[in-house]
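Sequence order for the protein chains is D and C. Counting from 1, one number per residue, gives the positions in the first sequence under my numbering. Counting from 1, one number per residue, gives the positions in the second sequence under my numbering.
Where hints are given, some of them may not hold.
[Said to hold, decoys possible] Listed next, the in silico DMTMM-like pairs over lysine to aspartate or glutamate satisfying Cα-Cα at most 25 Å (straight line):
no.	chain 1	residue 1	chain 2	residue 2
1	C	LYS190	D	GLU125
2	C	LYS77	C	GLU98
3	C	LYS190	C	ASP137
4	C	LYS10	D	ASP117
5	D	LYS142	C	ASP134
6	D	LYS142	C	ASP191
7	D	LYS168	C	ASP217
8	C	LYS190	D	GLU108
9	C	LYS30	D	ASP129
10	D	LYS142	C	GLU183
11	C	LYS124	C	ASP134
12	C	LYS187	D	ASP129
13	C	LYS13	D	ASP117
14	C	LYS124	C	GLU202
15	C	LYS30	D	ASP146
16	C	LYS162	C	GLU142
17	C	LYS72	C	ASP28
18	D	LYS142	C	ASP210
19	D	LYS33	D	ASP117
20	D	LYS170	C	ASP217
21	C	LYS190	D	GLU136
22	C	LYS187	D	ASP146
23	C	LYS187	D	GLU108
24	C	LYS187	D	GLU136
25	D	LYS27	D	GLU55
26	D	LYS168	D	GLU125
27	C	LYS30	D	GLU108
[Unchecked claim] Ranges between beta-carbon positions, derived for each pair:
no.	chain 1	residue 1	chain 2	residue 2	range
28	D	PHE150	C	GLY193	46 to 54 Å
29	D	PHE150	C	SER172	41 to 49 Å
30	D	SER164	C	GLU62	26 to 34 Å
31	C	LYS190	D	LEU143	20 to 28 Å
Hints in this document: simulated from the structure, not taken from any laboratory. Owing to the predicted nature of the structure, the values given are computational and were not obtained by experimental measurement. Every residue, glycine too, gets a C-beta built ideally from N, C-alpha and C.
Spelled out, the chains give:
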Amino acid sequence: MNAQYALLGILNEQPNYGYELKKVYDKLFGQDKAILAGQVYSTLSRLKRDQKIEEVASSEESGGPERVKYAITSQGEQALRTWLEKPEAPSPQLQATLYMKTVLALMENGDGAAYLDNQRHAHIERMRDLTRQRREAPLANKLLIDHAIFHIEADLRWIDLTSSRLTKLKEELCL
Amino acid sequence: MPVTPIISAKNIKKSYGQTAVLHGVSLDVKPGEVLAIMGPSGSGKSTLLHSLAAIISVDSGEITFGGRNIGKFSDNKRSILRRTAFGFVFQFSQLVPELSVIDNVALPLLLNGVSRTKAYTEAKKWLEAVGLSDKSDNTPGEISGGQAQRVAIARAMVVQPKILFADEPTGSLDSLNSEHIMELFIKTAKDNGTTVIMVTHEPTIAAYADREIVVRDGLIVGAN
Numbered sequence: 001m002n003a004q005y006a007l008l009g010i011l012n013e014q015p016n017y018g019y020e021l022k023k024v025y026d027k028l029f030g031q032d033k034a035i036l037a038g039q040v041y042s043t044l045s046r047l048k049r050d051q052k053i054e055e056v057a058s059s060e061e062s063g064g065p066e067r068v069k070y071a072i073t074s075q076g077e078q079a080l081r082t083w084l085e086k087p088e089a090p091s092p093q094l095q096a097t098l099y100m101k102t103v104l105a106l107m108e109n110g111d112g113a114a115y116l117d118n119q120r121h122a123h124i125e126r127m128r129d130l131t132r133q134r135r136e137a138p139l140a141n142k143l144l145i146d147h148a149i150f151h152i153e154a155d156l157r158w159i160d161l162t163s164s165r166l167t168k169l170k171e172e173l174c175l
Numbered sequence: 001m002p003v004t005p006i007i008s009a010k011n012i013k014k015s016y017g018q019t020a021v022l023h024g025v026s027l028d029v030k031p032g033e034v035l036a037i038m039g040p041s042g043s044g045k046s047t048l049l050h051s052l053a054a055i056i057s058v059d060s061g062e063i064t065f066g067g068r069n070i071g072k073f074s075d076n077k078r079s080i081l082r083r084t085a086f087g088f089v090f091q092f093s094q095l096v097p098e099l100s101v102i103d104n105v106a107l108p109l110l111l112n113g114v115s116r117t118k119a120y121t122e123a124k125k126w127l128e129a130v131g132l133s134d135k136s137d138n139t140p141g142e143i144s145g146g147q148a149q150r151v152a153i154a155r156a157m158v159v160q161p162k163i164l165f166a167d168e169p170t171g172s173l174d175s176l177n178s179e180h181i182m183e184l185f186i187k188t189a190k191d192n193g194t195t196v197i198m199v200t201h202e203p204t205i206a207a208y209a210d211r212e213i214v215v216r217d218g219l220i221v222g223a224n
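Same shape as in the complex, but just chain C (with noise of 0.2 Å):
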């Protein structure tokens, strides 16, 4: 029996002005799949991401996911989905410089409206979980590059999201703390059944998806 896609795309079309950067897009992606969106600069993989993600509208087409078609979501609604359904990883980090390591991670638990000592023990799991209990307190700058993917990865998982996005996860780091943030960045991800959608220009990065596709020119080309 086939299994129903957790998200799936079809036709979608994006253009920025007069700029067309998606070309019909179809894509169906498996539960608790890790899909690598390959493809080079300019070739839309980013808007890909980002349209699945519910970051950015399509023009046309349907992303279907739980049942509905959020490629037409209102920015309200969108912006609820990503809040409580998805996960992010980007290149940089990007967590809060003047809140401490544990409030990062608490952050999105706070903004959904869940109680302050709920956010914190689950918040204090998922550190332990990527190994940085001692750096609690610490706020980001005193952390190194791979210790913050760590947060990041800690900060996307807390809201046990359904689909964990990223983009380019180890941009900034070296060959061994990619490989050590994308060994941890998978087990977790594997271990809560979470799917996870990433864009790399990396091959090496790509390798520890299951699936790897390839954009060029706003369309999916190659075997997949």
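In isolation and in its complexed conformation, chain D is listed as follows (with noise of 0.2 Å):
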């Protein structure tokens, strides 16, 4: 999660303090790990060194500590306008790991079929956990559980297809 621009898209909601950013924060992001306050502090400096956001004059008086109010600058509004305007780009990173291990279990014993299958049950056992937990999630968090499935799912294709490649694959790597 790219917490610069979640707390840039809370601020364009309406101003608000670092502790009750974190609040929301964590509330709309969090499910998984919540955000340190020191994160939100070092990127409210960071937002504020940058013109994206401007403290303000707060109204509240509590006779406590001075808090710092942040509100999001017209400069900020743009910044996250164009960040949500952009298309993430799909990750291009190869299966590196997998794939390297599926050659060299070949090279070791000639059979990378009993690397994979194993790697397939790893993978599984994760689903399932995730589709346990989905079941009772609410739906903010359940759409995450989807996305992190989704993409083990993604493996497992590969793992499957990769399978019945073996052959070929151990011909052309000449193993």
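Join the two chains into one complex using the hints; note that each chain is given alone, in its own frame.
Below, the structure written as structure tokens:
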């Protein structure tokens, strides 16, 4: 999760305090892991330096320690809009480790199937855990779990396809 | 103390003509367990399911269910076993298109000689359990694919099967409907202590099982 844009997005709703921003962030995006307060303040500090947010006068008169309220600037609004409009590039990363292990298993004993079977089992185990978690999860969490499940599914498709191509791979790599 | 399997296959072999499909498969399934059988096309996974479900007989080896070797049962005995002890859910719900939804659900009981009143009372109960009471009088052509699969689950459960066999139970559905059907399918089976054995090539469906096995070239391979 890109904390910088998440905080800009929250501030785009209304000006807010650092601690309140953390609470909203955790509610919306912190299902797996809450953001550290330190990270919130360091990110706010960078955003302020880059003039994407500014400090505004606080109307609160609590008598407690003075708190700083932040608001998004027009520069921040523009940065947020540009980021939202830009599609994310699909990850170009190849299954480097899985591929390497498959080849090394072929080199070691001439058969990568056992390695791929174990890997498939481990992937399905993880998918099983996530499927269980999804059952009781609120919708926001469900969507995140769906995303994780479909990524594991992509790996599993690769594992299945590679299992069917092992003989050919062995020939092609002269193993 | 080890649990006695509800169904057990020991070194089963099956060929179609000259083509050997199962090369000696052994497998134990515990009562109440949900098992997924995975594997590539042509691996023998459906033949294994059909053998366990007494849809086909095996050439050699034993399939033990209820203390008897059902692998060599006659056609007639296998047919009775399927009607009374097993339930089936297939990829396409395979409902009888001319009958209403409730008629489809009551049908297995009527075929088993259960009285009409009891059959329809049970059918109504199961339609309620799958959330389709309001579709009782519709025909299969008037309901969606997801609803038809719900009806298929009700029809499979109405005989209170010991084992529920499923072959790609969500194969014709989109992701959201698949999730709804699998949640219902597994909950229904677990609530009733029914063992489930299902064939699927989809890992997202296998993930609903307690355990998966992979069949390749007529043998069970890998960790399970």
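Cross-check of the supplied hints:
1. LYS190/C <-> GLU125/D: Cα-Cα ~19 Å, so holds.
2. LYS77/C <-> GLU98/C: Given that 25 Å is the threshold and the Cα spacing comes to 28 Å, the pair is violated.
3. LYS190/C <-> ASP137/C: The hint is violated at about 28 Å.
4. LYS10/C <-> ASP117/D: Answer holds: LYS10/C to ASP117/D is near 22 Å, not above 25 Å.
5. LYS142/D <-> ASP134/C: 29 Å, violated
6. LYS142/D <-> ASP191/C: 23 Å, holds
7. LYS168/D <-> ASP217/C: 17 Å, holds
8. LYS190/C <-> GLU108/D: Since the Cα atoms of LYS190/C and GLU108/D sit roughly 43 Å apart, the hinted pair is violated (cutoff 25 Å).
9. LYS30/C <-> ASP129/D: 21 Å, holds
10. LYS142/D <-> GLU183/C: 14 Å, holds
11. LYS124/C <-> ASP134/C: Roughly 10 Å between the alpha carbons, so the hint for LYS124/C and ASP134/C holds.
12. LYS187/C <-> ASP129/D: 16 Å, holds
13. LYS13/C <-> ASP117/D: 23 Å, holds
14. LYS124/C <-> GLU202/C: Distance of about 32 Å is beyond 25 Å: violated.
15. LYS30/C <-> ASP146/D: 30 Å, violated
16. LYS162/C <-> GLU142/C: 31 Å, violated
17. LYS72/C <-> ASP28/C: 18 Å, holds
18. LYS142/D <-> ASP210/C: 21 Å, holds
19. LYS33/D <-> ASP117/D: 31 Å, violated
20. LYS170/D <-> ASP217/C: 19 Å, holds
21. LYS190/C <-> GLU136/D: Given pair LYS190/C, GLU136/D holds - Cα atoms ~16 Å apart, limit 25 Å.
22. LYS187/C <-> ASP146/D: 20 Å, holds
23. LYS187/C <-> GLU108/D: Not satisfied, since the Cα-Cα distance of roughly 44 Å exceeds 25 Å.
24. LYS187/C <-> GLU136/D: 13 Å, holds
25. LYS27/D <-> GLU55/D: Since the Cα atoms of LYS27/D and GLU55/D sit roughly 24 Å apart, the hinted pair holds (cutoff 25 Å).
26. LYS168/D <-> GLU125/D: Since the Cα atoms of LYS168/D and GLU125/D sit roughly 29 Å apart, the hinted pair is violated (cutoff 25 Å).
27. LYS30/C <-> GLU108/D: 37 Å, violated
28. PHE150/D <-> GLY193/C: 46 to 54 Å: Violated, at about 32 Å.
29. PHE150/D <-> SER172/C: 41 to 49 Å: Violated - the Cβ-Cβ distance for PHE150/D and SER172/C, about 19 Å, lies outside 41 to 49 Å.
30. SER164/D <-> GLU62/C: 26 to 34 Å: 31 Å, holds
31. LYS190/C <-> LEU143/D: 20 to 28 Å: 25 Å, holds
The structure does not agree with the numbered hints 2, 3, 5, 8, 14, 15, 16, 19, 23, 26, 27, 28, 29 stated previously, though it agrees with the rest.
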